[in-house]
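Undergrad: Chain order of the listed sequences is A and B.
So for the first sequence, my numbering puts the first residue at 1; every next one is plus one.
So for the second sequence, my numbering puts the first residue at 1; every next one is plus one.
What the hints contain is simulated information worked out from the structure, not anything from laboratory work.
Mixed in with the good hints there might be a few duds.
Stated by the list, open to error - Label-pair restraints from in silico Cβ distances:
{"no.": "1", "chain 1": "B", "residue 1": "46", "chain 2": "A", "residue 2": "192", "range": "13 to 23 angstroms"}
{"no.": "2", "chain 1": "A", "residue 1": "15", "chain 2": "B", "residue 2": "138", "range": "48 to 58 angstroms"}
{"no.": "3", "chain 1": "B", "residue 1": "23", "chain 2": "A", "residue 2": "292", "range": "53 to 63 angstroms"}
All residues carry an ideal CB built from backbone N, CA and C; glycine is no exception.
Chain by chain, the residues:
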Amino acid sequence: MFELLQAGFGAVFSPYIFILITLGVAVGIVFGAVPGLSATMAIALCLPLTYTMGPAAGLSLLVALFIGATSGGLISAILLKIPGTPASIATTFDGGPMMEKGEGLKALGVGVVFSFLGTIFSIVALMSIAPSLAKIALRFGPHEYFSIAIFSLTLIATLSTGSLLKGIYAGTLGFAFSTVGIAPVDAIRRFTFDSPNLNGGFAMLTVMIGMFAVAEVIKIAETGRAAHKSKIASVSMKGVKGFGFSLKEFFGQIPNAFRSGLIGIGIGILPGIGAGTSNIVSYIIAKKRSKHPELFGKGAVEGVVASETANNAGIGSAMIPLMTLGIPGDTVTAILLGGFMIHGIQPGPLLFISQGALVYTIFAALILASVMMLVLEFYGLRIFIKLLAVPKHILLPIILVLCVVGAFGLSSRVFDVWTILLFGLIGYGFVKGGMPAAPFIIGFILGPMAETNLRRGLMLSDGNFIGFLSNPISATFLLLALASVAWHLFSALRSRKNTAARLQET
Amino acid sequence: MDTYKRKELLVGALMLGAGLFYLFLTINLPRKGFIDASTVPYVLSVGLCLLGALQLLTATKATQPPADPDADADSSAATPPDYPTVFKTLGLIAVYVALLQKVGFPIMTVLYLYAQFIVITPREQKVNHITYIVIAVVTSALIFFTFRQGFDLMLPTGFLKI
Numbered sequence: 001m002f003e004l005l006q007a008g009f010g011a012v013f014s015p016y017i018f019i020l021i022t023l024g025v026a027v028g029i030v031f032g033a034v035p036g037l038s039a040t041m042a043i044a045l046c047l048p049l050t051y052t053m054g055p056a057a058g059l060s061l062l063v064a065l066f067i068g069a070t071s072g073g074l075i076s077a078i079l080l081k082i083p084g085t086p087a088s089i090a091t092t093f094d095g096g097p098m099m100e101k102g103e104g105l106k107a108l109g110v111g112v113v114f115s116f117l118g119t120i121f122s123i124v125a126l127m128s129i130a131p132s133l134a135k136i137a138l139r140f141g142p143h144e145y146f147s148i149a150i151f152s153l154t155l156i157a158t159l160s161t162g163s164l165l166k167g168i169y170a171g172t173l174g175f176a177f178s179t180v181g182i183a184p185v186d187a188i189r190r191f192t193f194d195s196p197n198l199n200g201g202f203a204m205l206t207v208m209i210g211m212f213a214v215a216e217v218i219k220i221a222e223t224g225r226a227a228h229k230s231k232i233a234s235v236s237m238k239g240v241k242g243f244g245f246s247l248k249e250f251f252g253q254i255p256n257a258f259r260s261g262l263i264g265i266g267i268g269i270l271p272g273i274g275a276g277t278s279n280i281v282s283y284i285i286a287k288k289r290s291k292h293p294e295l296f297g298k299g300a301v302e303g304v305v306a307s308e309t310a311n312n313a314g315i316g317s318a319m320i321p322l323m324t325l326g327i328p329g330d331t332v333t334a335i336l337l338g339g340f341m342i343h344g345i346q347p348g349p350l351l352f353i354s355q356g357a358l359v360y361t362i363f364a365a366l367i368l369a370s371v372m373m374l375v376l377e378f379y380g381l382r383i384f385i386k387l388l389a390v391p392k393h394i395l396l397p398i399i400l401v402l403c404v405v406g407a408f409g410l411s412s413r414v415f416d417v418w419t420i421l422l423f424g425l426i427g428y429g430f431v432k433g434g435m436p437a438a439p440f441i442i443g444f445i446l447g448p449m450a451e452t453n454l455r456r457g458l459m460l461s462d463g464n465f466i467g468f469l470s471n472p473i474s475a476t477f478l479l480l481a482l483a484s485v486a487w488h489l490f491s492a493l494r495s496r497k498n499t500a501a502r503l504q505e506t
Numbered sequence: 001m002d003t004y005k006r007k008e009l010l011v012g013a014l015m016l017g018a019g020l021f022y023l024f025l026t027i028n029l030p031r032k033g034f035i036d037a038s039t040v041p042y043v044l045s046v047g048l049c050l051l052g053a054l055q056l057l058t059a060t061k062a063t064q065p066p067a068d069p070d071a072d073a074d075s076s077a078a079t080p081p082d083y084p085t086v087f088k089t090l091g092l093i094a095v096y097v098a099l100l101q102k103v104g105f106p107i108m109t110v111l112y113l114y115a116q117f118i119v120i121t122p123r124e125q126k127v128n129h130i131t132y133i134v135i136a137v138v139t140s141a142l143i144f145f146t147f148r149q150g151f152d153l154m155l156p157t158g159f160l161k162i
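For reference, chain B alone in the conformation it holds in the complex (with noise of 0.2 angstroms):
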């Protein structure tokens, strides 16, 4: 089986799948009439695992469509997927958003932006820490003092009693 008709099926059953957990959700709501809260989602739901049976349907007889010629200007298509900055950038989000009401905000931010540099800097160029620190502190003061004293929006200071 090649690539393309594999991503196509599982492309397929994941819309299945999406659609089978909404229907799910759907039969447990509380029915009070023919018409009520339930009907758009069940339409819904219907029409979610029918059309994901028919990605699933159509994958298998799916062929990969001829390149576009056009599209040689966008250079990231030729480029592999480098999947562990992905899941690195990920986590450093993740950890980002979960220590953001306890740590703060204006630390936080330091240290998740010194770290992202670090992670999507290109293999072609050196990663320079003092730069990167830099620029880390000044974002995280500058968006942090600008949006409390300009635009009133309390970010959570967490450890600093500022």
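So that you can see chain A by itself, here it is in the shape it has in the complex (with noise of 0.2 angstroms):
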């Protein structure tokens, strides 16, 4: 392991891979600190960056863009008051107040410096836990991964934002779009209305792109000819020492920060949640364990660590079931998962012994991220300040330019530009229906995966379902798969009849 790690670094501090780091760590902090782009976003713009370079450059830009993504959001959740990503929503409680007290440049390096805590906590975890789970996950047959890819489905379903019925209906739905194209095991072509085009089906990278890049553009348009220039607020960096909080101030924030990191982790692993959950959750446990409670929500440096060390936690434990089974847990590993598999690369147990130096590059390279996020968001502040600044007109016609460079250059179709523009079409209904995305992402990815996996199942037992049953761990995760369901059923009730009471007190 430890000749590999060191193999790993030697690979990302050559010349090459170093740069491609520093730049994806940059940018990644653009896309994150800016409201509206997002880290999937960030990823499925730099995708086409990757198709020339090797699989340990492409993954390693890929992961940078990730990790500067997931911190970047802390610079407006404490500038502007407004989080750039879902994953800094608990950072605005506090790092707003304390911009307003004086104590911006202190929020910023608390943030800063305890959301490379959490990556570096995360990393670990996910360097111990993800090799021996693959060894475990190797035993593992069709009905296993059956079982696994509709738990995963059923929990991303029902644990996505808003209603109960429309996350399921969102899952349900990319699993239908997944299933266009040449069949499995029978290699019959469904719904591809005798075009060539659609043989091979929708491609992820076009589903990703059109869902979250154009159906944002088009958000933007709605809303953006009425938009005001947000004041963003400036902070001085002058006579700062070290990170602008104290030895002591750092050492009392320890506790809270291990807390939130295995709050972060825990949550980071499971599919469906990540950090844009465990960042409230975390907040809250930070404020009921707090011996000044009162303080929060007023500029409490606890709140900041307790955000910024969950969030960015949930990078190496979100990275863990994609490594070990190729389950991706939200859309920005989703979208990792196109990345691998644009290089030729199946995430998966397999994925550890036929490519174990490629694996220890991707270690490497999440550490060498989170050491130059670190470096480069603090000290470079003012520069992503300045692009804070950049306006929405202007920066999202040129992404959507690149969104379609990124579309054409997977086939050189102009039809995957036209995927696009209908994906994003989708997106911006689901906008406007209250529909989240990102169980529609996790339906399509996971979908081929449990067709596949049913019939080979079938195959195996001759056709019989118990089959699924009679294996203890695939009849586990469907038993969770419907436990989960039953669950929020009794809990949407539970809170209907909740309101419904109120209403009839009122």
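Put the two chains together into one complex; each comes in its own frame, and the hints tell you how they fit.
TA: What follows is the structure, encoded as structure tokens:
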């Protein structure tokens, strides 16, 4: 393991990959900091750049973008009081008030340092859990994979924001879109309307670019003309020592950071929920555990620490199911899966055997990107603040052009560019209809995995469905999936009853 | 009928409509046995139809959920949707994609960017034609040559013989 890690560091410290990681972190921070842009968008737009790179360089760039974008959200959360990404919502609660009190630089320093610690903590978890989990997963067959895919799908559909019904529908619709093209096992063309372009189905990247980037451009068009210039607060870096806070303050926050890191890892490992949830959960727990809960919301450092440690701790843990089982837990890891596949690598337990060196290069890239994030985000702050001021009506059309390039670059077909427009419209429709997009994406990605393994599993058990229930691991995941839907249905009904009772009282 | 209820009913109708369309396509798939390539689409289409019907049913009893007090940070929520700009944007993107191959990436990108900048410039700001043209030309050239020279991506050149 240590030799592989050493080789990994050797690879990422080559000038080419080092520069890529530095640029990736910087671009990621900008995407995280500008409200409306996201980590998913950053990775989707930079994927075409990796087409001609080797897997080590390409994937290092993508993980650097992931780290930069996840932590970049804290800049706008503190300076504008608007979270750059959902992962930084709780950072606004205390980061904003700290800024108003004149402690903006301290809030940024604390945010950056604990983002770094959260990331490192999760990378350690990834490096220690993933290889053992991969060994177990090597024994999994089609029955287990089918059940895990169904479990992940139900969890994502039920845990995503908004209505349970719409969440499940979005996941099912994503699955339905994945059935376009040549069917697994018996190779029948389905829903292709006799167009050879559809034989291979919709490319994952075009679906992602459409749903997340093109839909965002259309959304901005809806409100952009009424937009007012947002005033960006400035911070002075004069006479700053270290990261703007004392060692005593740092050590005082360690228990809070440790707890928040554990929450971030625990939530991040589950499919469907990640940094968007963990930052709020850890903030609430930090408030409950604090000796001065009354200070929360008024500029408590503990609030920024809890939120930023937890959201970044989701980075390493979200990569655990991706790398060991090939299952993306959220949209960012879904697009990372696309990144792996573009380079001809199928994430899963075999990855640790067939591509051991690459796995450890990714681990090393994650560590180096975290260090780069720590340095760049704090000391390059003034540049990022300037970039926050770039008007949306200039930025978004340029992003759309990059989306077009990314889609065209997949296989040099204008058909793929039309596809991103189609999925952009669907994504915009989802926003208007209050339907979550994440279950759609995960349904689209896990759908073929579920269907292929269902067909294979049935072939192994002579067409008998009992095979899925007699296998203990498969049965456990199917039961968990059922329990997850039942529990959410029950809590939805209960909350409706409570609302009805409250309405009757009033 | 309030706006919220109408919206939820429309969403339900679209959900059911999409489910029925998928079911119709699934029925036309060739069958080879009890478990074949149409099994999963059948399960999905029935699921989509059921969920759509459920949405319609719940929409008839829907009441406007209370506003989230923490949602005040999102200023866009308070802005009424500007649909003419949305349609103009969609039209521009469609024309851009349709002519991409024929006219070529460099020219179409300049034209698209320039037009799109104008269409979504905030009302309180003045349209700066010269700046917009400069940004459009520089961006188009930069992207075209970066991808062509740096990443071997042959973007369509159209009329230009580069």
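Undergrad: Let me make sure I understand: some of the numbered hints might not hold for this structure. Which ones are they, in numerical order?
TA: 2
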